[in-house]
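Since chain Y is already given, all that's left is putting chains A, C and L on it; use the hints.
Protein chains: 4
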Amino acid sequence: MHRERFYTLTASCPDQVGIIARVAGFIAEHGGWILESSYHADSLTGRYFMRLEIKASSLPFLLAEFRERFRTAVAEPLAMSWQINDSAVKKRLVVLVSKQEHCLYDLLARWQAKELDIEIPCVISNHDAFRGFVEWHGIPFHHVPVTPDNKAGAYAEVQRIFEDVRGDCMVLARYMQVLPSGLCAAYPGRIINIHHSFLPSFVGAKPYHQAYERGVKLIGATCHYVTEELDQGPIIEQDVIRIDHSDSIEDMVRYGKDIEKTVLARGLRYHLEDRVLVHGNKTVVFR
Amino acid sequence: MHRERFYTLTASCPDQVGIIARVAGFIAEHGGWILESSYHADSLTGRYFMRLEIKASSLPFLLAEFRERFRTAVAEPLAMSWQINDSAVKKRLVVLVSKQEHCLYDLLARWQAKELDIEIPCVISNHDAFRGFVEWHGIPFHHVPVTPDNKAGAYAEVQRIFEDVRGDCMVLARYMQVLPSGLCAAYPGRIINIHHSFLPSFVGAKPYHQAYERGVKLIGATCHYVTEELDQGPIIEQDVIRIDHSDSIEDMVRYGKDIEKTVLARGLRYHLEDRVLVHGNKTVVFR
Amino acid sequence: MHRERFYTLTASCPDQVGIIARVAGFIAEHGGWILESSYHADSLTGRYFMRLEIKASSLPFLLAEFRERFRTAVAEPLAMSWQINDSAVKKRLVVLVSKQEHCLYDLLARWQAKELDIEIPCVISNHDAFRGFVEWHGIPFHHVPVTPDNKAGAYAEVQRIFEDVRGDCMVLARYMQVLPSGLCAAYPGRIINIHHSFLPSFVGAKPYHQAYERGVKLIGATCHYVTEELDQGPIIEQDVIRIDHSDSIEDMVRYGKDIEKTVLARGLRYHLEDRVLVHGNKTVVFR
Amino acid sequence: MHRERFYTLTASCPDQVGIIARVAGFIAEHGGWILESSYHADSLTGRYFMRLEIKASSLPFLLAEFRERFRTAVAEPLAMSWQINDSAVKKRLVVLVSKQEHCLYDLLARWQAKELDIEIPCVISNHDAFRGFVEWHGIPFHHVPVTPDNKAGAYAEVQRIFEDVRGDCMVLARYMQVLPSGLCAAYPGRIINIHHSFLPSFVGAKPYHQAYERGVKLIGATCHYVTEELDQGPIIEQDVIRIDHSDSIEDMVRYGKDIEKTVLARGLRYHLEDRVLVHGNKTVVFR
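Chains as they are written, first to last, in UniProt numbering: chain Y, 1 to 287; chain A, 1 to 287; chain C, 1 to 287; chain L, 1 to 287.
Heads up, a few of these hints could be off.
No copy is singled out in the list; a pair is fine if it fits within one copy or between any two copies.
Claimed, not checked - Derived DSS-like pairs (lysine-lysine); straight-line CA-CA distance at most 30 Å:
#  : residue 1 : residue 2
1  : K114      : K99
2  : K55       : K206
3  : K206      : K282
4  : K282      : K91
5  : K206      : K151
6  : K206      : K114
7  : K55       : K90
8  : K91       : K114
9  : K55       : K151
10 : K114      : K90
Since the hints were derived computationally from the structure, they do not count as laboratory data.
Isolated chain Y (complex conformation) (with noise of 0.2 Å):
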């Protein structure tokens, strides 16, 4: 992860000739030096969408100017949604967790490793179990307990904690409660779940039963963006093990956990390296 300092511009806009070309040449054009830069073109729907790492010290000026000039050479005329994030600016990410460990394990492992490059400004869960696990490795820990009662009131709460310490995304690390609505519009394509199955099958409330209901030969994980509909958001990732009929329930817990951290781990990586653009309820991910 010893890279020079970059900028990651991504963008999508209706498609037509030349856009490559406009936003290359403005690059280009200021001594900018991509390091990498992929494309695609929706051809159903005709949007175009990219990707694209330029080296920060190649560039005369800095972000915010940047920032200032492609937008009126380049974005505008091409309307464009897009933004630039800094390789020197750490994402910022708050973990949610109930009471599974892998995922909260391997994460940390991750973080402490530098394997991911974010700063965990704190873990938020609806149980006290892994407080000084986490507070061990330096991260503020807040139980915010969720009973039946108090649901508004506690995700007020995580609300006002993930704004407090300005959180960039959510991930929710086998978080066993269900969001409110109100908090998944809030914020949309900054909330990630690991579901565990490999959606659309198994949808809702313990999916590996299910999975044992109908005989199925692979189980799988589903890493996706949160919206209002219960395990319908944007898919960014998935990936399935094998099984077979001598395995139980049980089992499948447990052989699930491999692939359920591997998945959401892959799927974090895409987003807070900017790879993932959300187009409608699917995603384009720039591998």
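Here is chains A, C and L on its own, set in the frame of chain Y:
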């Protein structure tokens, strides 16, 4: 495949102490050499499953006598459902196709290479397209058109041909018609379909279109026994391949063929080698 | 595959600021519509790679003029290695086989289904076994026996046929002879082999036997360009499947076929769609 | 993991008629309930392998008496190598690490979740980096530095600690030192390593660099028993992930961690559940 002749015994019965001892004891008593054996206890339903391969030449009697002795000494006392097959008797596989060739070519290549230990007494199709190809292989071809008006007649004809050629198993190798429930019910555990999705996702028509719409990151195929309920039968085998945002529906159709034929061939092999035991709407597959 | 006519431009050049701007600028200037484009900077060697698909009808001139203009305006100033192909001109694929049919059936099924955009002007084999099958498809078949004594003559004949039919690419579809180094050297990046192991493991003869001996838990297949050094050429595509202790060498041979044909078809598709750029002994594959 | 107490019997012996009958007969005679059983005949070497789980409460005597009776009635007459373990006795796993945390975090998460039925009496490292993390879990940590000069002393100390804590199994969780052959020889089948390549490709140091150089399209990890020959021991488990030309060596190192920890955990589980029988330089793994 140059294996010595063997018998394959498959059985299930209520679980209790001493099942293996009784079965293996009976075989050992007669000098029977067990080449391969697999056992499975379903703890939720208390049912016990097994599959054994016994070297034919190690037994002092023929299969008919084995059957008789086994029935009285083992099967009846244990209340078994069971069957035993002879590797020297090839299963007779009737192939049904429509207009896509990938599964047909794949099956005929395996048949040609003696990779599957089968006879193909005929191919049936609702189109005439593959007559030449099939007949070139020396396999009879039956064109049985299916129109909205002649369904009953057409399927009566399919059934008549299947009975005529003494088919053991019917395989729907991308046969794009829904079999009438009477036909499905007539041959439980003997009609095998390949569905071009990872069931239970995307049941019914145009699963790749459904997959495209939902934005999944993997597409799959499912080999299953046909039952009266469409795409709901016991699953034998499944697999998936990775796609991404750049893949059109046409790409998915194209890439999907590779898992369709592989999953079908794998599921079919398990079936033909008596590796699949149906249990309610699920399967035990002794690989 | 009902795509509108397009040109595929592939190129590599020393990395510098402004490459994309120059290439995309040239295309935009002439109203060219970029359907798909991919770029890669190899940071260790400082070489830049790209692949673009341009809608043919969007350009105001034909390919010959595009070539001329692009050469002077872009390719020469950037010191590019490049080529541009027309989707309307099908590549001519000469297939070499021995006695195993799985890759041959697979390729002809894909050709039949127009899944690969190719012509197969002939099949060459050192055995006569598949003459009938190939000729039934209307494809000429050449039996060129190879014996220890006639190697030079036999390969001169293979080369003569390949030249005669103006072959673009030679595919060794489980052709069990080692091509002489002169022939390999004559067609760099144009002879494609499928090796039945996960290279660099198990180079040379009988890789499944080697895999069995070593006790690996996965077996693989590798699609690569043929060079003068046996099994050392640039790798295009690889894949593996799981085996276990119960699988004999014969089982591995049998199951291995499924990845051999799939990996070959995938690698071949990448090659035929101009998705593969060779870089030293490695490949850039723009999927 | 809330399973009732059971015994796991593993054995191998020369193949002959009646082995299963004898083993299962012995168990049935004493009312033993077989929960799970697997058998394998290695036809090339004529050796027979088995693994059985027997419900502890179904037997009328304790394990010591089972051992005694089984030895005389079955094991000695069949010339068996065998052992039987009690699920109530947790295996004691000593973890060796260096500076990379991913396997350590992964193992401790599994231990914490009681996903692996083990005790970890201590962690040993040639660095002091993870002392705090390990001790926070209540697990003793031993810093045993290894320098070119003190190798003999250091490994004597490792062995002393392992003996002191009565370790059953030593796991090299990305321990970046080569164990001396004396230590390897002292614990055959009890030292487990994770190698960061798909063996036999890329033996020895810096396998990701080797993989990068060769241009492979998949990278792998191998869990194996340590023997005196570096990276040559019996393979327990392997897996791979896809990479492409855009992945740097650093990317491969980063992505590789995900299969390293998963493959290690899987191999370790097989070992700890007595699913692995070593056979020459290969393994039978009853999954």
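#### Entry: Copy assignment of K55 with K151, given that the CA separation must stay at most 30 Å
neither (46 Å within a copy, 45 Å between copies)
### Task
Go through the copies and call it for K206 and K151: within, between, both or neither, with a Cα cutoff of 30 Å.
Answer is within; shortest intra-copy Cα gap is 21 Å, inter-copy 41 Å.
### Query
Checking K55 and K90: alpha-carbon separation at most 30 Å within a copy, between copies, both or neither?
Intra 17 Å, inter 40 Å, cutoff 30 Å: intra-copy only.
#### Entry: Copy assignment of K114 with K99, given that the CA separation must stay at most 30 Å
This pair counts as both: shortest intra-copy Cα distance 25 Å, inter-copy 13 Å.
### Task
Give the relationship of K91 and K114 under a CA distance limit of 30 Å: within one copy only, between copies only, both, or neither.
within (13 Å within a copy, 33 Å between copies)
### Homo-oligomer pair classification [K91, K282; C-alpha up to 30 Å]
within (23 Å within a copy, 35 Å between copies)
#### Entry: Within, between, both or neither: K206, K282 at alpha-carbon 30 Å
both (25 Å within a copy, 19 Å between copies)
### Task
Could you place K206 and K114 in one of the four classes (within, between, both, neither) given a Cα distance threshold of 30 Å?
between (33 Å within a copy, 20 Å between copies)
### Task
Check K114 against K90 for me: Cα-Cα at most 30 Å, and say if that holds within a copy, between copies, both or neither.
within (11 Å within a copy, 34 Å between copies)
### Task
Could you place K55 and K206 in one of the four classes (within, between, both, neither) given a Cα distance threshold of 30 Å?
between (46 Å within a copy, 29 Å between copies)
In the structure shown, a violation is registered for the earlier hint numbered 9 alone.
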